[in-house]
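Number of protein chains: 2
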Amino acid sequence: MADIRVQLATNKKEKPAADQLGFGKVFTDHMLVIDYTAGEGWHDARIIPYQPITLDPSAMIFHYAQTVFEGLKAYQTADGEVLLFRADRNFKRLNKSNERICIPQIDEDFALEALKKLVDIDREWIPNAPGTSLYIRPFIIATEPSLGVHPSRTYQFIVIMSPVGSYYAGGIKPVKIMVEQQYVRAVVGGTGEAKTGGNYASSLKGQAIAEEQGYAQTLWLDGKENKYVEEVGSMNIFFKIAGQIVTPALNGSILAGITRDSMLQVLKSKNIPVEERRISIDEIVEAAKNGTLEEVFGTGTAAVISPVGELKWQGEKIVINNGEIGEVAQMLYDTLTGIQSGKLEDTFGWTIRV
Amino acid sequence: MADIRVQLATNKKEKPAADQLGFGKVFTDHMLVIDYTAGEGWHDARIIPYQPITLDPSAMIFHYAQTVFEGLKAYQTADGEVLLFRADRNFKRLNKSNERICIPQIDEDFALEALKKLVDIDREWIPNAPGTSLYIRPFIIATEPSLGVHPSRTYQFIVIMSPVGSYYAGGIKPVKIMVEQQYVRAVVGGTGEAKTGGNYASSLKGQAIAEEQGYAQTLWLDGKENKYVEEVGSMNIFFKIAGQIVTPALNGSILAGITRDSMLQVLKSKNIPVEERRISIDEIVEAAKNGTLEEVFGTGTAAVISPVGELKWQGEKIVINNGEIGEVAQMLYDTLTGIQSGKLEDTFGWTIRV
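Chains A and B supply the protein sequences, listed in that same order. Sequential numbering of the first sequence, starting at 1, is according to our numbering. Sequential numbering of the second sequence, starting at 355, is according to our numbering.
Among the clues, some could well be false.
[What the hints assert, rightly or not] Simulated crosslink set (EDC-like; lysine to aspartate or glutamate; CA at most 16 angstroms straight-line):
#1 B:Lys379 to A:Glu225
#2 A:Lys227 to B:Glu579
#3 B:Lys581 to A:Glu225
#4 A:Lys176 to A:Glu225
These are computed hints drawn from the structure, not numbers from a lab. Just so we're clear, the structure is a prediction, and the values are computed from it rather than from any experiment.
Isolated chain A, as found in the complex (with noise of 0.2 angstroms):
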């Protein structure tokens, strides 16, 4: 694959006010498209106008749900330079998604290339107030138009971008989230640890009952003993427990979420020990009853970190710190997002300038 094609947008979007931002629902004027079809690869890289995709009623993203995706975000520093944050992990990240799901591999170093082409296009785009970010969400489907359940063998990859609003515009405010007892997110052998569009339909009936009651995330436990912590609505999970950081090991059904990795790596950094092990709920419960349970909190690309000031198991409800965030919290989401905004020295070489 050699080239990119660009074909600019003649008619620009109007870019909505920084105060208006919310999540994935405004686009840019480009996106990214590169096709593949059996026997002769992907081919056919393309910038081309933000539009709609048309498809056959039979396409197995349809049917079958074939289709894999990752999500990103690029900064604009004070001085106006655009960084992206380990991109590079999430092309690596979709091959691992690719594989499980039967989807041929991408070029991680022309996708990478590809992208920062894109997100220097719609550079414009990049909002600069605090908080504020282009998210990008790369994603792969399967278009064959075929009802056999098989791999498909044509797909498009794709990628869209949207500018997101701050988290946090209100300063971090800890969440409530309810432990799930009957809905299993993943299991050991399933996709828990792709990237792929089941686990997050999967999630939504957790997520709903949630809120029913008032929660803002599902807390999810492992599928074969109903007994593990595995993750927090679409984010990793971290706890405090007696001056001591665990979050659960990747066990082959938890997203290796790239946020996870950062606040692992920063933690060793500043000599705060951390393990990843097994951690039951029991054992959550227990350190709660006793004094010990610190901090909890949620780790992901759209918040960076998302403390949880209270968790519902079994009708009981357990407050956090009373329910304020922590001090790792508030650490590790202030030397992420100095990072990622280029306010803080990049020591780990995780930037990338566009």
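Since chain A is already given, all that's left is putting chain B on it; use the hints.
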């Protein structure tokens, strides 16, 4: 929702020859579409010329696989009548899947009436050679253009139809099946009981591994203990052990097959005892060893019956009934296809005249 608007195709497509029919590759002249909008419900039911679907690239189906589907068939009888097989059950199950995937309920009666109208309009597409039929694919996709993870606020319910060839053009041939040890299709608490795309995306990898080793399909074990038999490929599974028919009980992670249910009823009507219970792979291996494993067969809409001639488990190959179809499988196949095609009297009230 009152009427169904009908817009007939002005250019009719050429119909494939009876011996050129595959599965789900050629589609009829028309499709049914019904829209859903939050606050308004399902509306604007229409039968229109078969045509592409056009969606925003941020439509939720492309990202979070919020989708459900069904599969059923229409048959042409010897005297030219058209029969649907238990279509009411398909729409009932579609609503059960909707419930799990947070898609609004459809009006089952209206859907059946609309389907009958669609089949009637395209009735000349129903092939009449032995074993052929019109495969019908109702599906619902989430269409809201938004990247937030929440149930979509808009959907399309679509029905497309494809004339399909005989599954057993060269006679019923038992297939070789590999028991999957590493990958899992579904787990209790997950989406295994729903007919949703993610289950099929998840199954592709096991299927690919089976095919690499020369096997036609995967036999899936349960996700909790990797021990109990659940489904074979995308079919339910039955065993005959020492004269007794058994099939895995519906436990929440197994699809409640309509063919499965029909087989149970046929068996009961013939006073052939059948048990629905948990069946471990060890029990199957043991039965094979002591010579009491008499038959194994899958049941589903596409093939009706798919006899299993060989099972591979942990390097061992178990040959069943000398690699030939068994008596019970043959009887069930003859009975069900007889009723479906109008050759046998339908004492169950399963067929629906169009």
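Hint check results:
1. B:Lys379 to A:Glu225: Violated - the C-alpha atoms of Glu225 of chain A and Lys379 of chain B are around 42 angstroms apart, more than 16 angstroms.
2. A:Lys227 to B:Glu579: 15 angstroms, holds
3. B:Lys581 to A:Glu225: Holds, at about 15 angstroms.
4. A:Lys176 to A:Glu225: 24 angstroms, violated
Violated hints for the displayed structure, listed by number in ascending order: 1, 4.
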